[in-house]
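Using the numbering used here, you'd call the opening residue of the sequence shown number 185 and step up by one each time.
Hints listed in this document are in silico derivations from the structure and should not be mistaken for laboratory results.
Accuracy of the hints is not assured; some may be wrong.
Stated by the list, open to error - Computed list of lysine-lysine pairs in DSSO-like fashion (alpha-carbon distance at most 30 Å, straight line): (1) K604 <-> K690; (2) K535 <-> K593; (3) K593 <-> K604.
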Amino acid sequence: MTQNLWGLRMLKRAYDIGPISIINRMTSGRGLGTSMGRNRPAVAGRTATSLEDGASQHLALIILVGLLLAGAILRIANLLLEASLWEDEIFSVALAESPLADLFLTGLRFDTHPPLYYVQLHFWGAIANSDRWYILNSTLLSIVSVVVIFECCRRIYDERVGLWAAAIQSLMPLQLFFAENVRMYPMFAILAITLWYVLQTIVRHGASSRARLFAVACLGVATTLTHGLGFFVTFFIFLHALIQFYGQTSRRNAIFLVGSYVPVALTAIYPLVIGAIRRTEGIAVFDVPTIGIHLTMTLLGPEFPWPTVAGLVALPLLVFVPLVEPRARMLCGMLVLLPLFTLFGISVLFKPVFIYRTIGLFLPFLAIAMALCADTAFRRKARMPRVWISAMILTMLAGGVNYTINFEKRGYREIVTELKTASSENDVILAGSPSVFWAVTRYLDGDHTRRSALEVQPPVRDGMLRVKQKLEDLGATSLGLFGQTDHIRIADRTVYPFFAGEPASKLPAFWVLNPAEGGCASIGEDGSRYHVVNEISASSQRAIQCRRSGL
185 MTQNLWGLRM
195 LKRAYDIGPI
205 SIINRMTSGR
215 GLGTSMGRNR
225 PAVAGRTATS
235 LEDGASQHLA
245 LIILVGLLLA
255 GAILRIANLL
265 LEASLWEDEI
275 FSVALAESPL
285 ADLFLTGLRF
295 DTHPPLYYVQ
305 LHFWGAIANS
315 DRWYILNSTL
325 LSIVSVVVIF
335 ECCRRIYDER
345 VGLWAAAIQS
355 LMPLQLFFAE
365 NVRMYPMFAI
375 LAITLWYVLQ
385 TIVRHGASSR
395 ARLFAVACLG
405 VATTLTHGLG
415 FFVTFFIFLH
425 ALIQFYGQTS
435 RRNAIFLVGS
445 YVPVALTAIY
455 PLVIGAIRRT
465 EGIAVFDVPT
475 IGIHLTMTLL
485 GPEFPWPTVA
495 GLVALPLLVF
505 VPLVEPRARM
515 LCGMLVLLPL
525 FTLFGISVLF
535 KPVFIYRTIG
545 LFLPFLAIAM
555 ALCADTAFRR
565 KARMPRVWIS
575 AMILTMLAGG
585 VNYTINFEKR
595 GYREIVTELK
605 TASSENDVIL
615 AGSPSVFWAV
625 TRYLDGDHTR
635 RSALEVQPPV
645 RDGMLRVKQK
655 LEDLGATSLG
665 LFGQTDHIRI
675 ADRTVYPFFA
685 GEPASKLPAF
695 WVLNPAEGGC
705 ASIGEDGSRY
715 HVVNEISASS
725 QRAIQCRRSG
735 L
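Based on the sequences and whatever the hints tell you, model everything.
Laid out in structure tokens, this is it:
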């Protein structure tokens, strides 16, 4: 009986694979496709589909590389077309050209930002000190940030996501603005992206090695010491990683990750204390048009049309849409939306900090979230998401081109050159702030002589005067924290770093750079005795010459 069953199984197998099976399949209309190499039309169809997919992938690659080149070209064009420094940039250069000890003290004296960026710029400025050389520092760092976001996304996701993120980061108009400003934003982007990458590597491995924890602590401290709100950004980057990490691994690993944040939190004491006593910029009340302007500058760039409404329209299109993509949802929520609303709440309730520059600190993570959406849309050939991402990228490209064409820096070189021509030897020039003073001395002195930013300072008053008196009681006057003198003699002219009412009242005439609304009358108690006899302007800057009435 067993042998008969075995024989029946063998006959069935021979039927299934033998000539009878072939004839059966042919006569049944199924052909040879299901048994010998499958259906030939299906093979041809798949070949055609794969060729079509390959062609579309190559086209997408060409477009992404083209977008990256467009971003690089716009950065280089901005560097070549406009190499002039405005007030905040003058501040950066003044600190960078000071001796290292004075650099730290000047930051404590005047700035809301920690000193790490200025230290980097100090060594960069040791090679050359022209305006274009300093701007080149930001341009190169901005290009490096594009490379870094590509490499980090390639390692965390894949090459396509990396290309999308790099292309979007490259084209964001505010990133173009940062690339031609001698400020810390491109350097900050590099550090923040790298910190996010190392934390994501820890999350993906489900364990935290000593080397990675040390790298996270160092990157967190460096990010915190680069910008006044660096501590704010690092907090959300760590929080995002910890929420991902929690529940995936043991409590011990999570505690180690929290432990790596401790030195970052301790470092945050510096910018928190400085920020608490310094005046900050930002929105202080709920004002929709002003909010719209800052959102427009952040998402679509300076000089974009209809600034009061364009940003409000762009916000849901650029920021809320990535929430529908599962891979981008948590990233966009934790590193874009939650910080955005938190920043606004702090600005309205406690201290003004909501401004396009601080919102822009989170733009790299918006670029990554949009890249994840774009990758999914083009892989699945979803028409509407592809139209959305294409429209958003074209809008950003248009915003970048518009910024390059229409934005004019309020640089000081042109106005100081005009002032040097219009003024005479032994004239007195009053600058309204240390940054304006440093601009005047930089451009009046054609050789760009290096000098400490602490050398000349305006007299202190109110709370700062009490600090000065306490330091003098402690014998700390040798630090030179409050300057050695209140004016400087340069290019045969005397320059004051403030609207010096008392010295001006003894003069028959003097120049005022960027005067207050009252003009000559705003200079000291005796200002009403003076009237404007000359006025010059350049690059949105203004200077007036005041002369005593009756002369």
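Fill in: Unsatisfied constraints (hint numbers, rising)
none
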